[in-house]
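Mind docking chain R on chain A? Use the hints.
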Amino acid sequence: MNLQILKHSKKKVNRMNGNNIDLRTHIKNSMTAHLVENHGLIFGHNLTDVGWVAGTIPQIPDHVGYVELPISDIAGVGLAVGASLAGKPVIFISRYQGYLWFNLAPIATYAAIADKVFEQESWIMVRSIADDGAFGPIASGTYLSLAAQIPNLDIVSPTTPEEWGEIWSHFLHNRKPIFVSEHRSSYSNLQGAALNSDKPDIVILSIGANAINSEKLKSLLFEEKLDCSIFNLLWIKPLEFPLQFLESLSEAKHCFILDPSFKDYGLAQSVAQVLSELTSVPISIIASKQEFSGYAKELRSSLITAERVFNELKRVMKNG
Amino acid sequence: MIQDAEAIKVLRRAYFIESFESSVLALEEQELIEIPVYLGLGQEFIAASLATYYENAQIAIFAQHRAHSYYLAFGGNPGALKAEILGDIQGGCARGFGGSVGIYSKEINMFGHSGLMGEQIYLGVGWSFASKLRSLIVLGDATIEEDYALPAIGFAAKHNLPITFVCEDNGYAVLTPTSKRRSWSASQVVNAYGVKSFDIDDDPNQIFKALDAIENGGPVFLNIRTQRKNRHVGAHLEGDIKWDRKKLFEAYVCNRIEPADFKALKEESESYEW
Numbered sequence: 063m064n065l066q067i068l069k070h071s072k073k074k075v076n077r078m079n080g081n082n083i084d085l086r087t088h089i090k091n092s093m094t095a096h097l098v099e100n101h102g103l104i105f106g107h108n109l110t111d112v113g114w115v116a117g118t119i120p121q122i123p124d125h126v127g128y129v130e131l132p133i134s135d136i137a138g139v140g141l142a143v144g145a146s147l148a149g150k151p152v153i154f155i156s157r158y159q160g161y162l163w164f165n166l167a168p169i170a171t172y173a174a175i176a177d178k179v180f181e182q183e184s185w186i187m188v189r190s191i192a193d194d195g196a197f198g199p200i201a202s203g204t205y206l207s208l209a210a211q212i213p214n215l216d217i218v219s220p221t222t223p224e225e226w227g228e229i230w231s232h233f234l235h236n237r238k239p240i241f242v243s244e245h246r247s248s249y250s251n252l253q254g255a256a257l258n259s260d261k262p263d264i265v266i267l268s269i270g271a272n273a274i275n276s277e278k279l280k281s282l283l284f285e286e287k288l289d290c291s292i293f294n295l296l297w298i299k300p301l302e303f304p305l306q307f308l309e310s311l312s313e314a315k316h317c318f319i320l321d322p323s324f325k326d327y328g329l330a331q332s333v334a335q336v337l338s339e340l341t342s343v344p345i346s347i348i349a350s351k352q353e354f355s356g357y358a359k360e361l362r363s364s365l366i367t368a369e370r371v372f373n374e375l376k377r378v379m380k381n382g
Numbered sequence: 045m046i047q048d049a050e051a052i053k054v055l056r057r058a059y060f061i062e063s064f065e066s067s068v069l070a071l072e073e074q075e076l077i078e079i080p081v082y083l084g085l086g087q088e089f090i091a092a093s094l095a096t097y098y099e100n101a102q103i104a105i106f107a108q109h110r111a112h113s114y115y116l117a118f119g120g121n122p123g124a125l126k127a128e129i130l131g132d133i134q135g136g137c138a139r140g141f142g143g144s145v146g147i148y149s150k151e152i153n154m155f156g157h158s159g160l161m162g163e164q165i166y167l168g169v170g171w172s173f174a175s176k177l178r179s180l181i182v183l184g185d186a187t188i189e190e191d192y193a194l195p196a197i198g199f200a201a202k203h204n205l206p207i208t209f210v211c212e213d214n215g216y217a218v219l220t221p222t223s224k225r226r227s228w229s230a231s232q233v234v235n236a237y238g239v240k241s242f243d244i245d246d247d248p249n250q251i252f253k254a255l256d257a258i259e260n261g262g263p264v265f266l267n268i269r270t271q272r273k274n275r276h277v278g279a280h281l282e283g284d285i286k287w288d289r290k291k292l293f294e295a296y297v298c299n300r301i302e303p304a305d306f307k308a309l310k311e312e313s314e315s316y317e318w
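First to last, the sequence lines map onto chains A and R.
Taking the numbering used here, the leading residue of the first sequence gets 63, the next gets one more, and so forth.
Taking the numbering used here, the leading residue of the second sequence gets 45, the next gets one more, and so forth.
Here chain A stands alone, though its shape is the one from the complex (with noise of 0.2 Å):
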């Protein structure tokens, strides 16, 4: 497995955000940034239209920055890539996750080897926004997997400002594609879901971006008398566990893993073998089903939300 695990990280959890500025306008800040002060390009569909990708870029109508492309879902990135080759910075929008089957094809066969096998930099960030919950097999999962697969590739997944101003800081620096996933829930968050707590029983590790209200999730525990520890996984690949994480799970009786992408084959399965040689405390893994989800409300994909979480945490922990 090509995960590479950063055990000694110096990254706190439980980052605060003195100015009450949601992640959304942080990304939105980035772009706007990333248009007028670093003449940048932002490729995608839509773009410039109804809610100017959930309101996450400036609404400045005809910016010559802002490329609309035609609707072709291969053709679309690979237009992207082609103009990360110029040395100019490229941001690449995927409005859902379900496109990737269709968007990686340039990103895995071109941009994430360009600087091993062809010598060549391909500075591009993909944007890959999930929306598990809505509508739908292709507007609704989350396909983070698929693009794990993908040799050379970082992905990250913030979901607070202050990982989200260290994402983008890494991308100013270094001249590589990025894969960014992130999730239409997470763009109010002022702090994100993280918790700490001295002496968890439980200790929770969140793969990409999703929907868990964790105060929510505290308090049912809390009732059951347990504590818990809440962490999000920014950096996937490479593996980089927080430290307070590593630190958190030597004291706790139970580890799960949340990830609302398919279980079967999945990022979360490999996360947990890559945790099993690191503790003794049992894991268990908290994901989608591998279907396609529908329209009527009971075939949608099932966000994990507190609730989701707790029932499965109970009935876990009650089967030992």
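Derived from the structure by calculation, the hints contain no laboratory data.
Treat the hints with care, since some could be wrong.
Per label pair, the in silico range of CB-to-CB distance [stated by the list, open to error]: (1) P80/R x G149/A: 28 to 34 Å; (2) T110/A x L76/R: 52 to 58 Å; (3) R370/A x R275/R: 57 to 63 Å; (4) I258/R x E353/A: 48 to 54 Å; (5) G261/R x Q335/A: 52 to 58 Å; (6) E374/A x G262/R: 55 to 61 Å; (7) G117/A x E50/R: 35 to 41 Å; (8) G149/A x Q232/R: 32 to 38 Å; (9) G123/R x F197/A: 54 to 60 Å; (10) L252/A x G135/R: 54 to 60 Å.
Since the model is a prediction, treat every value here as computed from it, not as a measurement.
Glycine residues also receive a C-beta, built at the ideal position from the N, C-alpha and C atoms.
Quick look at chain R alone, frame taken from chain A:
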């Protein structure tokens, strides 16, 4: 229209490519090459013409898997290409990653090809969009059928990008004739997208004439009928060769320069050592 001095350059480049490719063919026939080799014997005059036409232009090359001729015509190092084909990680032009398929050179601004047929189209178009410079994008008559090819060409038309698309049309995808795969003409479809297109032979005169017709610096698509002596991969002979471009163009040049000069050109072509 091609000038006499340019015609001589085209012929010289074509001789050079043919000589190199023949040396690779000999190695292939002796089974001294371990990797798949994509030879372009018979098609030399396309790359030779384009390199001569764009000799002093700032241009990027996005070729595909059959690109020895472009690498050589635009000034790539033949020793490094030979080393690459022989699997030499230290001396190969693509450090052993590219093989015959993915050759590249920063010196001549030639980008590598991963093996995904048609990727050079969206990459080259995107590169020209960002750089505002001309790219030469080489494809085959099968590549144009890739589902991502036409949207990228349409994007070039929409933004009037400085791109020269060259379709090397030998009428086959491996051994499947075009007529069995599609009922449309590449040049007509591309023209409908808004790109000026030409259906021509691999005659340097026709290639120069078409390139001269580019207006406003925008995109142009040359569908160039050509023939290849060897099959898709390796040394097998293709079979039915209908014309001999080398003989035809030699006759053209021979009639326009001094016999002694032509003799010197021929002697030079026989002097290459690989």
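Comparing the hints with the structure gives:
1. P80/R x G149/A: 28 to 34 Å: Since the Cβ atoms of P80/R and G149/A sit about 32 Å apart, the hinted range of 28 to 34 Å holds.
2. T110/A x L76/R: 52 to 58 Å: Between T110/A and L76/R, where Cβ atoms are some 57 Å apart, the hint holds.
3. R370/A x R275/R: 57 to 63 Å: holds, 58 Å
4. I258/R x E353/A: 48 to 54 Å: holds, 53 Å
5. G261/R x Q335/A: 52 to 58 Å: Holds, at about 55 Å.
6. E374/A x G262/R: 55 to 61 Å: With a Cβ separation near 59 Å, E374/A and G262/R satisfy 55 to 61 Å, so the hint holds.
7. G117/A x E50/R: 35 to 41 Å: violated, 57 Å
8. G149/A x Q232/R: 32 to 38 Å: holds, 36 Å
9. G123/R x F197/A: 54 to 60 Å: holds, 59 Å
10. L252/A x G135/R: 54 to 60 Å: With Cβ atoms ~57 Å apart, the hint holds.
Hint compliance for this structure: hint 7 alone is broken.
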